[in-house]
Amino acid sequence: MAEKRLPTIALLTDFGTRDAYAGIVRGVLANRAPEARVIDLTHEIPAGDVRAAALHLWQSHAYLPAGTIFLLVVDPGVGTARRPIAVRLPNGYGVGPDNGVFSYLMTPDTTRHAVVIDVSRLTTELPSLTFHGRDIFAPAAARLAQGAPLSDLGPPARELVTLPAPRLDMTARGATGEVLWIDSFGNALTSVGKLRVSGPKVELQPCWHLGSPVSFRTSAAVAEIGARHRLPLSGTYAEVPAGEPLAYIGSSGLLEIAVHGGRADEVLGLAPGIPVTLVFEG
Amino acid sequence: MAEKRLPTIALLTDFGTRDAYAGIVRGVLANRAPEARVIDLTHEIPAGDVRAAALHLWQSHAYLPAGTIFLLVVDPGVGTARRPIAVRLPNGYGVGPDNGVFSYLMTPDTTRHAVVIDVSRLTTELPSLTFHGRDIFAPAAARLAQGAPLSDLGPPARELVTLPAPRLDMTARGATGEVLWIDSFGNALTSVGKLRVSGPKVELQPCWHLGSPVSFRTSAAVAEIGARHRLPLSGTYAEVPAGEPLAYIGSSGLLEIAVHGGRADEVLGLAPGIPVTLVFEG
Amino acid sequence: MAEKRLPTIALLTDFGTRDAYAGIVRGVLANRAPEARVIDLTHEIPAGDVRAAALHLWQSHAYLPAGTIFLLVVDPGVGTARRPIAVRLPNGYGVGPDNGVFSYLMTPDTTRHAVVIDVSRLTTELPSLTFHGRDIFAPAAARLAQGAPLSDLGPPARELVTLPAPRLDMTARGATGEVLWIDSFGNALTSVGKLRVSGPKVELQPCWHLGSPVSFRTSAAVAEIGARHRLPLSGTYAEVPAGEPLAYIGSSGLLEIAVHGGRADEVLGLAPGIPVTLVFEG
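Residue numbers (this note's numbering), protein chains in the order written: chain A, 46 to 327; chain B, 46 to 327; chain C, 46 to 327.
Worth flagging that the hints you see were computed from the coordinates, not collected in a lab. Quick caveat, the model's predicted, so the values are computed rather than measured. A couple of the hints might just be wrong.
[As the list claims (entries may be wrong)] Computed footprint of chain C on chain A; a stretch qualifies when at least three of its residues, placed anywhere within it, have a C-beta under 8 Å from a C-beta of chain C:
#1 119-127
#2 176-186
#3 257-266
#4 301-314
Beta carbons are placed, not taken as given, at the ideal position from N, Cα and C, and that holds for glycine.
Full structure from sequences and hints, please.
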C-alpha cells in the first residue's frame, strides 16, 4: 500500500508547548513535505539540555518507522558559529545542530555520511538569528522526506561534535553508572545498561562504549545507591509493598529505580548525576 | 472516499508530555497501523488516577468517529497481575488495563465481548515491566485498527474490574452528587447529570445508573454547595456579573459550577469530592 | 499530487493540554472533515487572553499552507452575546469569536467577507453554554475545509470587534513599543517591527498601522529599556558573553531582548507592557 511508504518526521525539541514554535515548524513541513507523517516525540526537553535530548533520541529511535527523519532542535548555540548538520542514523536520518545531540546513536557510518547544511540550497532568504528550526532544520528535513540524498544538502561535515558517553564503569564486582533522567512518574533512569533477561540470568551488554558482555544470576543482583540503599533486582512491581522502592530493568534496557505507587525521586532523593552501582557478585 | 474509512486511534494516558513516551507509542502505531489516524485526547491524566481517566473517556468518546479504538494507559498496576484487556465500547473499542478505566461506558455488551490480551499473539519479545503502552496496548490497538476482531487478541475476559459509579443520590427534593474534576479554566464538573434543556423545563436522566428521569422547571433549580452557596441554574454567563459564580448545564450534560471571568476552584474553594446538590423542588 | 491539496486546519486555543477539550475538537473535525490535516499551533494561550491569541496568529499564519483555516478559540465571552464569526485572512480563513482575535491580520478584505455563523446551518442541536469550540467553531471550520464558501455559514457580519494595535510610536529619534510576550526561553518579544536587515542598514516598516518605513545604520541602533538598559542591536548571540543581554531582530521581524544562555525576563525583570525604545539616531 502506498500509505505504508509515507516518510515519517519525528520532532524532538526544547520549544515547550506554550509558544507556537512547534506548530510553526509543522506548518513549514506541511508546506514543503505535505505527504510526510509528523510525530512529536516531545517538545519539553529542558531548555538547551543537549544530553537530555541525546538520551531521548537514543530511547525512542528504534520505535519509529525505518527511514524516519529525526528533527532535533535543542540548540543553545543558535546564532553562534555552530554548524547545522544532517546525518545518517541507524534507523533513519538526523537533522539538527552540530552540538552532540546525535552522539548516543553515532556509528562510524554516521560521521562518514554527515553533511553541513548549506542554507543557500534550501532558501534564498536570510535565516533568523534564533529560529533555525523553522528556517533551516525543517526545510532540510522536508528535503530528505522528499527523497533527496544527504549529499544534496551540503558538503561533508567530516568531524562532528560528540558528547562524552554516559558513565558506565565495569568492574568484577559490578557496573557503576549514574542517574540520567527522572521521568514524569518520578522513576529514575540510570546509565547502567543494556540489561536483558536471559532465562535465570541477566546479560549486561555495555551500550555506551565497546565492551564485553557479562552475565550474572538475577538473584545475585543488587542496586546500590550511595551507602544508603541496597535494592534487589525485581522482576515485577508486586515483589515490593506499595510505597517501597525497587530496582528493575526499565523499558529501554537500562537499570531503573522506582517506588511502587510513588515517586522515587522524592522518596529516595534521586536526581541526575547521582551514582548507582549494579552489584552482581556479592 | 477511502480516506473516510481510516480507522482512528484515540490516546488517553497519564504519560505527561515531558517524556517521549507518547511519541514512542505513536511510533509503534505508525509501524503497525500506518494508515490509522491518531488523536491525542490528553496525556495529562494525574498519574495513576483511573477514575479521572474513566471520566475523560466518558466525556469525549461520542465525539470521535464511529469505530474509534480508545487506547487507555492509566495503569498504576503495571508490572503486577492485573490483566491487559480489549473491549467493545458504545462507539468503538477500548484497549488498556483491566482496572476499571472503561467502567463509565460499560454495557452488558462490553463484558460479553471483552478479551484478555494474549501477548504472545502480538510479539515474540518479552514485554517490559513498566511500558505496556508500547509493548502490549499499542500493538493490540494496531491489530484492531487493521480490522482484526476482538477474539483475535485473546480469550474471553468474563468478569471485568469495575469502578463504583460517581455519586448521584436522587430524592424528591433534588439530586446530590459531587465535584468530579476541576478543568483548566477552574470550572467544576459535578456528577449531577445528564441534564438537558427541554423548553421551559430541565430533564435529568441519571447517567451513572439505571433510574427514572425527572423533569422540573428551570426557574426552580438551585445548586447548593455545602451550606455556603446557593446558585440558581443559569442559562448564560451573562446572567451574572463578572467575578460572580454560576451553576449551569455543562458541555457534557453535567451540572457545572464556574465563575464569570474567574476560577471557581479558587473563588469557591472547590475540589473533587465536595458534595453538590441540585435542588429542584423548593 | 492529490495529497498536496489537503486542506489544513490550524488550532490556536486556551484549552490547555490537561483536559480532553482539544482532543474532542479534533474528534469533531475527524468526523466532519476527515480528509483535513490538523495542526496544533498551541493550546496554552493564557485563559481568555485575546491579545496573546491575536499575536500568536499574527506570528504563525504565514508559515502554514495557503488556504489554512485558523480555528481560534480564546473566548472569554462564551455564553454571552458575542457573535461567532468566520473571516477571510491574508493566508486563508479564520473561525472564532468576534472579540478581536483576528485583529492583527485584518485587512479591508477581512471585514468585507466576514460572516456571522448561523448555528442552525451546522447542527440541529442546541450548542452548549461553554464549549463553542466543539459545537460551533469546529463544525464551521470543517464546512470550510470541505470547500464551502464563507457565505454558506451565515449572513454578513459588517462591523467586527477590533483590538487596539500594539504600541508603536515613531519619532525622529526612534521607535517606542512595549514587551508583548515572554516566550518559553525567557526571550521578550516587543511590538517594535517589522525590522529587516538590508545591507549595512536596517529597515523598519511599521507593521501595526500605516506608516512610512525608516532606514538607519545598524551600528547606530540601540534598544533602551527604561533608563536602566541600553543594548546595541546585535547580529549574533556570539557578540555578547554568556549571561549578558542582547537586543536583536527576532524570528518574526520584531525587536527582541534575550540573554545569551539565560532568561531575559528574569535577568532584566521584563514582562508584557514594559516600554522599549529602539533608538536609531543618537
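Problem - Coverage criterion applied to the region 257-266 of chain A (partner chain C; beta-carbon cut 8 Å; 3 residues) - result: violated (count 0)
Practice task
Tell me if chain C covers the region 176-186 of chain A under the three-residue, 8 Å CB rule, please?
Solution key: This one holds; 3 residues, not fewer than the three required, reach chain C with a Cβ under 8 Å.
Handout entry: Within 8 Å of chain C's CB atoms, at least three CB atoms from the region 119-127 of chain A: coverage verdict
Key = holds (count 6)
Exercise for the section: Examine the region 301-314 of chain A for residues whose CB is less than 8 Å from any CB of chain C, and state whether their number is three or more. Expected result: Per the Cβ count (0), the hint is violated.
Consistency with the previously given hints fails for numbers 3, 4, ordered from lowest to highest.
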